[in-house]
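Asks: Protein chains in written order, with the numbering used here: chain A, 1 to 281; chain B, 1 to 281.
Hint data in this document are derived by calculation from the structure and do not stem from the laboratory.
All residues carry an ideal CB built from backbone N, CA and C; glycine is no exception.
Hints may contain errors.
[Said to hold, decoys possible] Okay, the calculated bits of chain B under chain A, using three or more residues with CB under 8 Å as the criterion:
hint: 1; segment: 56-67
hint: 2; segment: 218-227
[As the list claims (entries may be wrong)] Covered, in the sense of this in silico footprint (three residues per stretch, anywhere, with C-beta under 8 Å from a C-beta of chain B), are these stretches of chain A:
hint: 3; segment: 10-20
hint: 4; segment: 163-172
hint: 5; segment: 214-221
The residues making up each chain are set out below.
2 protein chains.
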Amino acid sequence: MQVVTDPLALQADCLARRRRGERIGFVPTMGYLHRGHTSLMELARPRCDHLVVSIYVNPLQFGAGEDLDRYPRDPEGDRAACERAGVDCLFMPTDLYPPGHSTRVRVEGLTAGLCGASRPTHFEGVTTVVARLFGLVQPDVAVFGEKDYQQLAVIRRMVRDLAMPIEILGGPLIRDDDGVALSSRNAYLDEDQRRRARSISRALAWLADAVAGGEVDVATLLARARARLDVDRIDYLEIVDPDELQPLARISGPARALAAAWLGRTRLIDNVALVPPSAHR
Amino acid sequence: MQVVTDPLALQADCLARRRRGERIGFVPTMGYLHRGHTSLMELARPRCDHLVVSIYVNPLQFGAGEDLDRYPRDPEGDRAACERAGVDCLFMPTDLYPPGHSTRVRVEGLTAGLCGASRPTHFEGVTTVVARLFGLVQPDVAVFGEKDYQQLAVIRRMVRDLAMPIEILGGPLIRDDDGVALSSRNAYLDEDQRRRARSISRALAWLADAVAGGEVDVATLLARARARLDVDRIDYLEIVDPDELQPLARISGPARALAAAWLGRTRLIDNVALVPPSAHR
Chain A
1 MQVVTDPLAL
11 QADCLARRRR
21 GERIGFVPTM
31 GYLHRGHTSL
41 MELARPRCDH
51 LVVSIYVNPL
61 QFGAGEDLDR
71 YPRDPEGDRA
81 ACERAGVDCL
91 FMPTDLYPPG
101 HSTRVRVEGL
111 TAGLCGASRP
121 THFEGVTTVV
131 ARLFGLVQPD
141 VAVFGEKDYQ
151 QLAVIRRMVR
161 DLAMPIEILG
171 GPLIRDDDGV
181 ALSSRNAYLD
191 EDQRRRARSI
201 SRALAWLADA
211 VAGGEVDVAT
221 LLARARARLD
231 VDRIDYLEIV
241 DPDELQPLAR
251 ISGPARALAA
261 AWLGRTRLID
271 NVALVPPSAH
281 R
Chain B
1 MQVVTDPLAL
11 QADCLARRRR
21 GERIGFVPTM
31 GYLHRGHTSL
41 MELARPRCDH
51 LVVSIYVNPL
61 QFGAGEDLDR
71 YPRDPEGDRA
81 ACERAGVDCL
91 FMPTDLYPPG
101 HSTRVRVEGL
111 TAGLCGASRP
121 THFEGVTTVV
131 ARLFGLVQPD
141 VAVFGEKDYQ
151 QLAVIRRMVR
161 DLAMPIEILG
171 GPLIRDDDGV
181 ALSSRNAYLD
191 EDQRRRARSI
201 SRALAWLADA
211 VAGGEVDVAT
221 LLARARARLD
231 VDRIDYLEIV
241 DPDELQPLAR
251 ISGPARALAA
261 AWLGRTRLID
271 NVALVPPSAH
281 R
């Protein structure tokens, strides 16, 4: 496995591979890798000749007062996880951005609600870093987790709008044995918080069951699901259409339930597909 | 010469050419082509196997009340000019953007002054359309005129920051016999306005001479140059460093003088390199 830290060296290598006809796969991450991340690498692996994984804790996507400084890191463990996953090139830049970097990419509309409401600069940071990483890696296919469901929708929109010739694949959310969505931020939780964190995935699972059972009224569904959340603060719990992420009043086809909640200083997100009985026909 | 109107058909053709190892050159324009444009095509022609020219009057780069609706058009003349210049593919989309297009690319800092001060949304429109065109065309080299000097600096910055693997070439500003910078917007001028428009290029030429002669005080230079302008309103006349476009107080190396001025309802821009005697050594 190559380990590259210089952005332009990475780009030169990737451009040379593309000229030779190699197909490049890419999984961008912020490190502290868990099975959620490695499942994305497993999705990418058979779809490319050369698999690049990046690890970069991107300051642009953290707001003031967020957890940039304490974001968990484990470079040695990450390196071993990438080796095991059959990664060809691990890109771990110290400085990803050039001096005087002043270009920003943003997606409007899709970024207004959900996580964008409480983290107003977050998605601009995400699209800016992903656009630069795509420029460096020149991937044919890139994989993002459905755990960050809104992010996946935002990336798909950016790629379509800027006509980037890149296939975007969404990888299923991976849960721990207790149902909690895998997240690097789970490392922040103490025992009691971890126990209460289960109420998020359970409330979402209850929503999926209720919708599969025929309940269509979103206000009713959300009120009942909120009552099941044992968290310190709910940032949001919403049911939206799966593409434009607009809030729904009534379930009439496939939908998505998304939640963000605080346990102490830790903010967790989770989401689940909602499929009404009519859509199973 | 191919003429393509469908963005995704253009992209499929360009991607196939790149896979075959062809080198793609690109000159984006808003049409109503003059010798300024064709000089850019001549620069690109020997540097690529496949030369693409786009013609698209991009609504995103026009502000409210600007000349989007009356911008001059000549599709037949443009087509003939491209044939003569040896263009391989003329891309004339009717709809460049997909429905629900909501991604924006902006460069901060460089876009704050000069044209950006009076046209606050202009450069975001430029970088957004150019990023999408680059995605569609996948050029190895793209040529922009120094006539739009700030635009050229902004595009270079975007390409560097987003790590787009594209060489950006600047083509020299081309003047008419009377010294007026070639511009599609010159078509708006009546006879008297055209006569007075000469004062812009003459004031800039005077500045270049004064600096070459050893004058270094920018306030003195600008006051004397302004007195030479016979226009209805000066938008700006500035002397800046050639890369970051920051105003200078004193000439101590290569610099750039840029002007924007109104003649009736027509806004013209022009610029010139300033080279002090010390830089000639």
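Asks: Take the hints in turn and mark each one as holding or not.
Replies: Now the hints, each set against the structure:
Three residues within the 8 Å Cβ limit are the bar, and the segment 56-67 of chain B against chain A gives 0, so the coverage statement is violated. Under a criterion of three residues with beta carbons nearer than 8 Å to beta carbons of chain A, the stated coverage of the segment 218-227 of chain B fails, only 0 such residues being counted. Only residues whose beta carbon comes within less than 8 Å of a beta carbon in chain B count, and the segment 10-20 of chain A has 3; three or more means the coverage holds. With 3 residues having a Cβ less than 8 Å from any Cβ of chain B, the segment 163-172 of chain A passes the three-residue criterion, so the hint holds.
Counting residues of the segment 214-221 of chain A whose beta-carbon sits less than 8 Å from any beta-carbon of chain B gives 0, not enough to reach three: the coverage restraint is violated.
Consistency note: the structure conflicts with the earlier hints numbered 1, 2, 5.
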